[in-house]
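Student: Listed below, chain by chain, are the residues.
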Amino acid sequence: MHNDTGPNLDVQRLMHEIRSRVASQHHPGEVPNPHAPDTANGNFKHAKHYHVNDLLGFHGEDFVRHAYRVLLDREPDEAGMAHHLDQLASGRFNKIDVLSSLHSSHEGAGQVKLTGLALPAAVRRLGRIPVIGYIIRLVVAIARLPVLIQHQNRFEFYNWSQQQRIIAHQDRQHKELSETLQQISAQILEIMQRATQQQQANELSLRQYEDLIVKYHEFASATEARLAGSDESSLKLNEQISSQAQQVLLHQQLLEQLQQITSEQKTFLDHQQQLGSQIRADLQKADIELLMQERRLTVLLEQVTRNTSTNPSFAEVVASEEEHLLDTLYASFEDQFRGPTEEIRLRLQVYIPILKEAEITDGVLDIGCGRGEWLQLLKSEAIEAQGVDRNRVFIEQCRAAGLNVVENDALVHLRSLPAESLNAVTIFHLVEHLPLEMLIKMLDEILRSLKRGGLLIIETPNPENVIVGSHTFYADPTHRNPIPSQTLQFLLEARGLRTLDVLKLRPREDVKLAGDSELINRFNEYFFSAPDYGIIARKP
Amino acid sequence: MFNKKIGIITPWFGQFAGGAELLARGMARELNKRGITTCVFTTTSLSPYDSWWEDHYQPGLYEVEGIQTRRFATEKRREPYDSVISKLSRGRSLSAIEEEAFFNHSINSNDLVQALADYVNDEYELLAVPYFYGLTHSAINQYPNKISLIPCFHNEPQFYWAPTERLLANSRHIFFNSAEEKQLTIRQYGRRIGRSVVESVVTGVGVELPSGNGEIKEKAEPLPERYFVYAGRKERGKNVPLLGEWFLEYTAKYSGSTKLLFIGGGDKSLVPPSDATVDLGFVSEARKLQVLENSLGIINLSENESFSIVIMEGWLCGVPCVVSANCAVTQSHVNRCNGGLFVSGKNEFCEALKYLEDHEAIRHRMGANGRQYLAREFSFDVVLGRYLNELARPKESYG
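As given, the protein sequences belong to chains X and R, one line each in that order. For reference, each letter of the first sequence is one residue, going 1 to 540 in our numbering. For reference, each letter of the second sequence is one residue, going 1001 to 1399 in our numbering.
If you are wondering where the hints come from, they were derived from the structure by calculation, not from laboratory data. Relax, there's no trap hidden among the hints.
Straight-line C-alpha distance at most 27 Å; calculated DSSO-like pairs for lysine-lysine: (1) Lys512(X) x Lys1076(R); (2) Lys1346(R) x Lys175(X); (3) Lys512(X) x Lys1087(R).
Make the full structure from the sequences, and use the hints.
Tutor: Given below as structure tokens:
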């Protein structure tokens, strides 16, 4: 038997003790190291005999301060400190010179023995003699060259490693700070939402409770009144009972109505919130459209003012501006039919490993960058990229998001680029908008602009899916015609690119019919196969 | 006097020794001992780690450890299950149809469900265990209010799916392994299912040491002088990697020669390679008891336990346990009997182990407390008594 613990052992209390002990323990990183040099406090033990290396290990102000303490047995005065620091900073004097001047000064003479100083100090003195000094310095410098190179290498290595550590530390701190801020924001938001909900629920309960109390009092008074008249006939009693039953029924109906009103209010609130979000989105679009209109007017007015009679470019400017009249409409098409930005970013993730495998970190051009989902994704992966698009609404959106974009016609922009200057070109859901001749010209320009081994990624709707080929493709009226993957592959290879892979993207596995018959398989293939495909090609 | 026969329906019965099967095996053995004829209805699949859609055994009548066992061919259509699992593993939410597919096409046996028609009568009481597999759903839903359920619920996504609500509604009686499991069920389904959940009984699971010490069959290596034990399958879901990491931290912090012994099957690669850890693998029952009895305590950091027979075995051997403070079930057992410690982090873990190492008397007291608790609450007499009382009561008598 182990009676010493007693039968009343309480693990809750034990765990409390254990947790207190954990809390009181030092963090291992906080334990001071007794062997670490205490230079920060300037505690340099005083003695009568030193080696010069004891002092050469210090730098800057520390060096001068310790040199004073050792050789003059005092703290440096302000002027002395400034003088020696200036000398060291000039490069013409070194630490040996400083020690030598202090040691041989009137104040320092004979105070302390400093081994290892005499020879280097003598060499430094000889080095200051005209002509001969130069030769001596040269000889010493040549003799010390290997050591100096070694020091230089060590310094470089130390410097770089310190820089990297600082950068890594900054990155880590920044990341932790961002995460913490996000967590705090999310928590605050959640707490506020909960508090609001709780308050609403409390108010509702209170109102219902008050109503019930009022009804209860009414009911109690009525009952007392009826009891007072208890001599009345049983018929009257029956009437009272039926009246009470009606009241109970009424109460129930009231409660149901209250519940219904609450639920209707909730639906109404949800609807209002949705309307609010929609209005905000519409306002944002209207702002951008207004901006575009202002810009067109400004350009037109400037041109009219400058060249009312002679300059033929007026017509060109008007034509150019006319091309942008429907920019907002196209942007709305994109919002409506392409899908939410966040979803598109998720979809495009599939191409990131391809760029990573090809070790591409810059020189990416995204033709028809649209709302910039791909550029955002590349930015988050630290891959430098530029987007080009003609739609000014998109360009403004991208610029507002801090993305590198150019407003230009894709072909004109490609022609402006030097040959073999790009590592990768990406074209998402654009080729189906182009006439064949323009597509071929664009492929030729891409081939010219790409470096050898550079990648071309094209994504477009997949007409192998019957629903896509016959219906959803035409939801966007700016689409020309679907391009089967075999056709696009043929065009790429005919213009000199080599196809690496054809990715059939996002087949609808979740809605495929279950079963293994030929009919079911064929049905699934026709109706639920990949709605988009991507082609990866390389310049040989 | 209970005068019916009992049939237990469970997907696997044979070599595999998971929680639900141990429960079924213990009940069947002990009921037969007490003169109540009990048989098992199961499939021809070998274990959860083998194919659920292939017949390992031939269908027919078997005897497993003296228990009459009827095996039926498993269903062979698995495709919808694979696509649902694939979707689940990608973190997607499932449609109502897919939730149904998860249960219908996991391990199941149409032959078994049809055969039960001969046993759904006044002569038999049928019990199905656990809720997680299709067989239980098919059996109970085929014969509403005729078959009782031992759900073994955990707080996991499947617990909240619509088929689980239907299963509870169609069950004759419901038996919970712990009060925490019942509370969880009442929170989610109390309002919708009503009294049959609220008034159902918490039986617990019977745990007793096997009678007779038995012989240690394997060539037994000498045991280390001081060691803790992890007993059970080595799985990530049981927090085994965390246990390895924390234990190495403990030995590094206190420079001790104390070891951590693993007994049981599972993924060997989860045991960290170190002098401080020893994986004994599968051992005989007798060797397991020897290992437990000589240990400083049993450690189980799993956060998904509906009963935890493992810590009970430690108490049966008179040793304390260290469990996760994040597991309501195990922590509650420990609190009720003062039979161990519960930890919520690495530092607490290290201090708790150090405390147990340094306080031998308290260690023994905790073990003794646990053993008394088991005798009081979870001896087979007590647990089976709760089952039989409930089964003898017609369902209409609730309230």
